[in-house]
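**Q** Please arrange chain B on chain A, whose structure you already have, making use of the hints.
If you read the sequences in order, they're chains A and B. Under full-length UniProt numbering, the first residue of the first sequence is numbered 1, with each subsequent residue one higher. Under full-length UniProt numbering, the first residue of the second sequence is numbered 1, with each subsequent residue one higher.
Simulated from the structure, these hints should not be mistaken for lab results. Fair warning: there could be bad hints in the mix.
Claimed, not checked - Stretch-level coverage of chain A by chain B, calculated; a stretch enters the list once three of its residues show a Cβ under 8 Å from a Cβ in chain B:
1. 21–27
2. 61–70
3. 93–99
The structure presented is a predicted model; accordingly, all values stated were derived computationally and were not measured. Every residue gets a Cβ at the ideal spot worked out from N, C-alpha and C, and that includes glycine.
There are 2 protein chains.
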Amino acid sequence: MSTMGNSTNIFWQESPVGKLERQKLLNQKGCVVWITGLSGSGKSTLACSLSRELHTRGKLSYILDGDNVRHGLNKDLGFKAEDRTENIRRVGEVAKLFADAGLICIASLISPYRKDRDACRAMLPDAFIEVFMNMPLALCEERDPKGLYKLARAGKIKEDDSSFILYQLIALLLQIELNQKDGVCPTPSAMAGEVVTYLEDKGYLQD
Amino acid sequence: MSTMGNSTNIFWQESPVGKLERQKLLNQKGCVVWITGLSGSGKSTLACSLSRELHTRGKLSYILDGDNVRHGLNKDLGFKAEDRTENIRRVGEVAKLFADAGLICIASLISPYRKDRDACRAMLPDAFIEVFMNMPLALCEERDPKGLYKLARAGKIKEDDSSFILYQLIALLLQIELNQKDGVCPTPSAMAGEVVTYLEDKGYLQD
Chain A
1 MSTMGNSTNI
11 FWQESPVGKL
21 ERQKLLNQKG
31 CVVWITGLSG
41 SGKSTLACSL
51 SRELHTRGKL
61 SYILDGDNVR
71 HGLNKDLGFK
81 AEDRTENIRR
91 VGEVAKLFAD
101 AGLICIASLI
111 SPYRKDRDAC
121 RAMLPDAFIE
131 VFMNMPLALC
141 EERDPKGLYK
151 LARAGKIKED
161 DSSFILYQLI
171 ALLLQIELNQ
181 KDGVCPTPSA
191 MAGEVVTYLE
201 DKGYLQD
Chain B
1 MSTMGNSTNI
11 FWQESPVGKL
21 ERQKLLNQKG
31 CVVWITGLSG
41 SGKSTLACSL
51 SRELHTRGKL
61 SYILDGDNVR
71 HGLNKDLGFK
81 AEDRTENIRR
91 VGEVAKLFAD
101 AGLICIASLI
111 SPYRKDRDAC
121 RAMLPDAFIE
131 VFMNMPLALC
141 EERDPKGLYK
151 LARAGKIKED
161 DSSFILYQLI
171 ALLLQIELNQ
181 KDGVCPTPSA
191 MAGEVVTYLE
201 DKGYLQD
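For reference, chain A alone in the conformation it holds in the complex (with noise of 0.2 Å):
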């Protein structure tokens, strides 16, 4: 029996088919690939490419995207500061539920904060694979796939909500950092099998 923030009298129930009998049923192991970016630095697009390559080896992963969790796990939750960090707990909290259940889950969101995505990281420290679309700003706003560097420069996004093009670099532990060559982005099918090299490399494509 423990006490757990705000609760008592729970305990922790052991489930009887473990971690490791579900790696063996799926031949992969289950990780969090966190892909971590500005606004149009191409998560969502690394994501689908990294789930159609996935997929086509046979191996199952699952995408939770930071807009689609907006919808239903989250939609209780803005933009303020304190919003964000819970926002990113709760994805974090959830991607470790998956890669528990043996999947390769794919975590897409900006996740501005050094600290919030180190608090997800020591959810999951053995499998965790942080990937940084590190492209350069104005390239990111010149898609601006959502309008919101418009609304920004227009002066229309309040400042609790303009994290999105705060971001912070510093302390990086991430594994994978996706860059342009000779000032251009390499292709999201490229982009995805550098993760997928890793991936096999570290022996998460086998149980």
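**A** The following block gives chain B in isolation, referenced to the frame of chain A:
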């Protein structure tokens, strides 16, 4: 672009590998088996037995246990009525994601209030299988695996926290009701068998 609750400027990002493709990979259909009943009614026992039986058949399931989730995703929540509702809402949203990922998600929570269970059913109306552990209160109290009934009888649980012995059965929409037979509880494996037969009959165990 849409507004959901407190969130604005959010978009729905389509995933390129769809539920049907994941189901084909797993040769099963994603769904939620929601096990509800009093403390001590055998929810966790059934969840374990069911996941074992499904694993034996090569099916991928994952248990969302109400108490376990309070150690992670829901550790900010207590036992006030609104916290219980939020606890169940979040588990429902996560269960929906697991079903979308193609898994047979086994949710095991007391979930005493009809409206909370119905809200979860509404998230996934076509693939929500409610299993009610209809065991006598006297039996549950005799088992009292967490000592909660003892605490309640001793007046040591705040009224707010005592809804584990309140259980709303009105307007039951359940698919499976498990009862004692001639005053004897069915074995965990017999109960799991009943649920597996249901899943089989409804086509969940193939893609």
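**Q** When the structure is checked against the list of hints, which entries are broken? Sort them ascending.
**A** Failing hints: none at all.
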